[in-house]
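Novice: Residue strings, one per chain:
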Amino acid sequence: MSLKTAPPKIIDPKLLYTGGDWNFETINKVYAAIEEIGRGELNLDIYRNQIEVITAEQMLDAYSSGGMPLFYKHWSFGKHFARDEAMYRKGYTGLAYEIVINSDPCVVYIMEENTITMQTLVIAHAGFGHNHFFKNNYCFKQWTDASGILDYLDFAKAYIAQCEDRYGQTAVERVIDSAHALQSHGVHRFPRKRMPDLRSEQKRAEERRAHGERIFNDLWRTVPTKKARTRDKAEEERRRALLGLPEENILYFLEKTAPRLQGWQREILRIVRNVAQYFYPQRMTKMMNEGCATFVHHRIMTRLHEQGKIDDGAFLEFLHSHTGVVFQPTFDDRRYSGINPYALGFAMMQDIERIVLSPTDEDREWMPDIAGAGDPYNVLKDCWANYRDESFVSQYLSPRLIRSLGLFNLRDDEEEAELNVTHIHNERGYREVRRALSRHYDVARRDPDIQIVDVDLTGDRRLILHHRVLDGVLLEEADTDHVLQHLADLWGYDVLLLEMDEAEDVVMNEHTAKPRATFG
Amino acid sequence: MQVIDRRLNPGGKSLANRQRFIRRARAQVKRAVREATSGRSIKDIDKGGEVTIPSDGVREPTLRRSSEGGTRDYVLPGNKEYIEGDSIQRPPRGGGAGNEGAEDGGGEDEFRFALSDEEFLDLFLEDLELPDLAKRQLKGEGIPQWRRAGYSTSGSPSNMSLSRTMRNSLSRRIALKRPKVGEIAALLEEIAALEESGADPERLAAAREELARQQKRTKLIPFIDPLDVRYRRLESTPKPVAQAVMFCLMDVSGSMSEHMKDLAKRFYALLYLFLKRRYKHVEVVFIRHTHEAEEVDEQTFFYSRETGGTVVSTALEEMARILEARFKPADWNIYAAQASDGDNAPSDNAKTAALLTSAILPLCQYYAYLEVGADDDGPASERPTTLWRTYAIVNGPESPIAMRKVRHRRDIFPVFRELFQKKDQMAEA
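Listed in order, the protein sequences are those of chains V and B.
Just so we're aligned, residue 665 is where the first sequence starts under the numbering used here, counting upward by one.
Just so we're aligned, residue 8 is where the second sequence starts under the numbering used here, counting upward by one.
If you're looking for bench data, these hints aren't it; they were derived computationally from the structure.
Where is the CB? At the ideal position from N, CA and C, for every residue including glycine.
One thing to keep in mind: the hints can contain errors.
In silico DSSO-like cross-links for lysine-lysine, where the CA-CA straight-line distance does not exceed 27 Å [what the hints assert, rightly or not]:
no., chain 1, residue 1, chain 2, residue 2
1, V, Lys821, B, Lys272
2, B, Lys187, B, Lys223
3, B, Lys37, B, Lys20
4, B, Lys187, B, Lys37
5, B, Lys187, V, Lys754
6, V, Lys754, B, Lys287
7, B, Lys223, B, Lys37
8, V, Lys799, V, Lys1178
9, B, Lys223, B, Lys184
Derived list of chain B stretches under chain V, where covered just means 3 residues or more per stretch with a C-beta under 8 Å from a C-beta of chain V [to be verified]:
no., segment
10, 9–22
11, 347–358
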């Protein structure tokens, strides 16, 4: 067909944009349209968005420091950067379309080379989906301070740079190395007990004395006791109580108690620990967070298309990348590398919507609370606010979804010669499959349960830790020895780690470390 | 909502981290870099590229559960045929179903990444130097260097020294008794009080007079006078530059096999690279010889082919001639590196030795002799060659000759390092 006969192109005035190019004006228009749907129809509650346009180079930079716009300097980030860069240059991996930061205002990075459709998708996904999740989910509310994080990182970066100037790069690097090794055990998993104030302390002391007077009986004095042992026991108890043992936050314990550290070294431990704590909720809610964002962008893009604000070409481009994101290869596929959090999250959100709107009898039986409740967005918002991956799966993974994903549970027992299929997607298996999957998302089960149980500060000061062995899985031998070495260096005295089978109270393995060169 | 364009922000945010990483892995990266070069062609010997290092020194250990042992449950998607109670063969290690143990690069043994040309060369040529670069010649056009040289009363505003200026101003104000702000304020207050009460008209008049005098003085004696202003003075001093010349003498006669020529060229390529990169004021003279010698340019030296008999003294004569014509020994540090297979016309040995001892060695700071041998030489080759014996005689304790043999590509770099290693004070003493 010659150009002359081509019909003149009529651009629908409702369209936000045509073609692939974007500029700041279209971004603003698109944002306004998304906001109308996001706030108006989905009732999302978000932090103010701050959208930052960056280049691929800058995206790589951001990758290496956990996506944060500023971070302290350490060689390990350089290592990650070198690896990401090599992978990217060779074309093994593409770059993420966006990075979003849990801060107030919520910082969303978008890359310059994306098309306008992709930018729309990214703004809906990150600027509304993730943003809503960050602001409302209880894990983030409890553990992170969105308005303070950037200032804190700014402080951390300056503080560590200052330490490097004063004490030398190598000295600071050693502390950070050791702290990073223990980072996974530098988070509080439970809100800590508030320190009682003096008045209530006094009141408690009085109550205790009154209780003592009430039950006083002089006869007890005459009862023979095994004196020595009980004293020892009491002494040990007291000692542990003073140090707040047992303690699972190893970095916290070191920061407060390690005898040989200097002030700046404690502050560095604190910085590393605070950063770990900030990222902790993201690990607990990875699947839900992505599911929420994917559901939101899917809904928003679909609505934009329905309203005629984006054309068919743009919508197909969106669908293409959306299906790529939520693709779940089956277990025997070469591309399989675990369950795709985007896929499962999105499928569960959609499933909930279906159950709320048009439940089957099975749904009514399994989820009577929400089946046919009629308002899917409210139900979903309640989920997004009050669950994490583990509890969300154990509450809302429906039999129907288990069937459609063909989930089954495979048991790998060291003692047996073969792997065993224990449960499949049938009547007998739903509950078990759901429980197993929920456990898989349980951060507390994925990280080894290690606690500091005892140390005698007036004696040899040896630090004793226990690993509560679960399902007979011990710690990774080589890595553990390295980490323990770091721990011994920080602590300044010997360290002993016992791997215990709690049920039978047997020691299964033992690691020790002596400090090489102490800090301070 | 707010859109911010960050594209123009300075890049290279990770540079500091990258430098720390390379410093951390320095030893391993250095080894990897050196290994990488032995396999390259002469042309890209100075290019950056990918290196692989063992992940030992840059390991980031964490406390994690082992990927084997115990009882594990895996929930997998895509069941097609299994029913409860089915058994499946254990997949071979490191692949197949249900192996999601290692998450973040767990168990990696090697770490690959790319180095830039700069980083590559820096590591490659670390701690090498020309020995005894002693004669310093103040060259007329030597790079001027700016140095602080006290203060001056004139200069550009950007060089104004605020602290010095304010100090001058303060001392002048004290010396000339400029009234302080506080004194005037106190007077004003007193006058106001007296006016209010009207008690002591005499004192009031006196105070007013005093105030007028003080105010006049304040106007006459400025807070900052042009006299006070001082500028930081910078002076340019020429920086002494050591200049040096390196003579590269290569035997290209018929007795040199392809392998030997390759070795010799590799050696010179390294040498050339090292000199160009490390020293700004080094001249390189290329001389190649058969039974006659000629000075050639870099391109010809490395890439053209020629062949003929072997008369080593011709090269030395050529070198002496060039020295005479262009490089005064008083002004120049003179170095020479010779590569040969050790063959020489028997009649020429005496002349070579004489030339060396009388004309060349007294002028040279350092004379490196590299003998290249065939790769698969039998025990017969252990016998010293003609040239080797000649040089060995010349080589006394005071003489600047260093002699090395190379048979294989992999030896080139170690030998090169040996010849040009930085010698610390202990070794020299």
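Novice: Now tell me if each hint is right for this structure.
Specialist: We went through each hint and held it up to the structure:
Only pairs whose Cα atoms come within 27 Å are accepted, and Lys821 of chain V paired with Lys272 of chain B is rejected, the gap being roughly 49 Å. Using a Cα cut-off of 27 Å, the hinted pair Lys187 of chain B and Lys223 of chain B holds, with the two alpha carbons roughly 13 Å apart. Of the supplied pair hints, the one linking Lys37 of chain B and Lys20 of chain B holds, its CA atoms being roughly 24 Å apart against a limit of 27 Å. At roughly 67 Å between alpha-carbon atoms, Lys187 of chain B and Lys37 of chain B are farther apart than 27 Å, so this suggested pair is violated.
Restraint check for Lys187 of chain B and Lys754 of chain V: the C-alpha separation of about 73 Å exceeds 27 Å, so the hint is violated. Taking the CA atoms of Lys754 of chain V and Lys287 of chain B, the gap is about 36 Å. The hint is violated against a cut of 27 Å. A distance of roughly 75 Å separates the Cα atoms of Lys223 of chain B and Lys37 of chain B; the hinted pair therefore is violated under the 27 Å criterion. Restraint check for Lys799 of chain V and Lys1178 of chain V: the C-alpha separation of about 45 Å exceeds 27 Å, so the hint is violated.
Only pairs whose Cα atoms come within 27 Å are accepted, and Lys223 of chain B paired with Lys184 of chain B is accepted, the gap being roughly 12 Å. Note: the segment 9–22 of chain B has 11 residues with beta-carbon separation from chain V under 8 Å; the three-residue rule is met and the coverage holds. Residue count for the segment 347–358 of chain B with a Cβ under 8 Å from a Cβ of chain V: 0. That is fewer than the three needed, and the coverage hint is violated.
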